[in-house]
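Chain by chain, the residues:
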Amino acid sequence: MRQHQQVLKLQTTGKSLCRVTQKIQAIVAESQIQTGLCTLFLRHTSASLLIQENADPDVLKDLENFFAKLVPEWENYIHSTEGPDDMPAHIRTALTKTSEQIPIANGRLVLGIWQGIYLWEHRQHGQTRELVIHLIGG
Amino acid sequence: MRQHQQVLKLQTTGKSLCRVTQKIQAIVAESQIQTGLCTLFLRHTSASLLIQENADPDVLKDLENFFAKLVPEWENYIHSTEGPDDMPAHIRTALTKTSEQIPIANGRLVLGIWQGIYLWEHRQHGQTRELVIHLIGG
Amino acid sequence: MRQHQQVLKLQTTGKSLCRVTQKIQAIVAESQIQTGLCTLFLRHTSASLLIQENADPDVLKDLENFFAKLVPEWENYIHSTEGPDDMPAHIRTALTKTSEQIPIANGRLVLGIWQGIYLWEHRQHGQTRELVIHLIGG
Numbered sequence: 001m002r003q004h005q006q007v008l009k010l011q012t013t014g015k016s017l018c019r020v021t022q023k024i025q026a027i028v029a030e031s032q033i034q035t036g037l038c039t040l041f042l043r044h045t046s047a048s049l050l051i052q053e054n055a056d057p058d059v060l061k062d063l064e065n066f067f068a069k070l071v072p073e074w075e076n077y078i079h080s081t082e083g084p085d086d087m088p089a090h091i092r093t094a095l096t097k098t099s100e101q102i103p104i105a106n107g108r109l110v111l112g113i114w115q116g117i118y119l120w121e122h123r124q125h126g127q128t129r130e131l132v133i134h135l136i137g138g
Numbered sequence: 001m002r003q004h005q006q007v008l009k010l011q012t013t014g015k016s017l018c019r020v021t022q023k024i025q026a027i028v029a030e031s032q033i034q035t036g037l038c039t040l041f042l043r044h045t046s047a048s049l050l051i052q053e054n055a056d057p058d059v060l061k062d063l064e065n066f067f068a069k070l071v072p073e074w075e076n077y078i079h080s081t082e083g084p085d086d087m088p089a090h091i092r093t094a095l096t097k098t099s100e101q102i103p104i105a106n107g108r109l110v111l112g113i114w115q116g117i118y119l120w121e122h123r124q125h126g127q128t129r130e131l132v133i134h135l136i137g138g
Numbered sequence: 001m002r003q004h005q006q007v008l009k010l011q012t013t014g015k016s017l018c019r020v021t022q023k024i025q026a027i028v029a030e031s032q033i034q035t036g037l038c039t040l041f042l043r044h045t046s047a048s049l050l051i052q053e054n055a056d057p058d059v060l061k062d063l064e065n066f067f068a069k070l071v072p073e074w075e076n077y078i079h080s081t082e083g084p085d086d087m088p089a090h091i092r093t094a095l096t097k098t099s100e101q102i103p104i105a106n107g108r109l110v111l112g113i114w115q116g117i118y119l120w121e122h123r124q125h126g127q128t129r130e131l132v133i134h135l136i137g138g
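Protein chains in written order, with UniProt numbering: chain U, 1 to 138; chain F, 1 to 138; chain Y, 1 to 138.
Only chain U is shown next, with the shape it has when bound in the complex (with noise of 0.2 Å):
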């Protein structure tokens, strides 16, 4: 049994949902853990981590719209001195996960077919993001 650690820095373009899935599922296969535990931790709280549909990209325009429409930008916040998107992304990082636990077997995630790994920035702007993989197994 052993673990292997990483931090992946990420560049993000603004609110959208960035695929990670190849650039973990390459770390896993450089780490030749056969079966394990692979946790991804965000280290941010204005930008998250989700699991979802790997084929049609109208699915994420479709999240895009339900999260912007569902946290709008113009409340009353109280916090408000970063801009109109920073609470608004720190409630949309509430919502959905900081972390992500995947196994692997065979050497792979278990991701099912039609499911991919996204880091959503939820800033209007692009961020550098550090994403922390942590991997344990034999």
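Simulated from the structure, these hints should not be mistaken for lab results. It is possible that part of the hints are untrue.
You can't tell identical chains apart in this list, so a pair holds if it fits in one copy or across any two.
As the list claims (entries may be wrong) - Pairs of lysine-lysine, DSBU-like flavour, derived with a Cα cap of 35 Å: (1) K15 / K69; (2) K61 / K9; (3) K61 / K15; (4) K9 / K23.
Since this is a predicted model, take the numbers as computed values, not measurements.
Using the hints provided, position chains F and Y relative to the given structure of chain U.
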């Protein structure tokens, strides 16, 4: 320290919360792991996991009603080719969980007395769903 | 590779986010695990976990206001015998987290600079809540 991993196939019956606590508890017992961590991972993007009240079934009805109202079927979704219930199912999944973790103590999940583990089917029709169970401990 | 597990009892003071970062960080330090994974599991269905901004307390007020509006107390819930705040508490829990995972590096949680760990009480009155902390690593 060792691992145990297996896939549970579950038949759902359309939009509803299906309790799987006993099935998971039995797998933990069979593994004979006394102290450890249980990870559940659902291989789908239109069904999700939830740990919720296991006593009054009305709680499950209220949860279903709340989500049906929050994510209505007849919105103008761009992704609509798979039926009016598909995009809402993706959004409901985004708002709940794809993976869940429960520590193991004394050979049992450390669930609270009112907690049950549920697979939440978000499609109108029943589906066969795959739940991966990963255990690590000793 | 080894494990450490313990239960933290926390007294809440009604609907609000209670920061527990220092308590968890102290348990990680005592365990002397340098590289590993920390899992937090809350044994309740009307309170939840959240990793959120730890700087401006107004963010916590806006989060509380948003959820109070999204899940109003006086809807026609079927489950109402435990008071008007109980069913909303279950829904708010479903929309946030029961478990959370944070990798450990150099003997510390890899939290981002703005991230704090919160126990979110969703009931009107204070409760004693049990948080299970599971550590694995070496």
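- Query: So which of the earlier hints does this model not fit?
  - Reply: none
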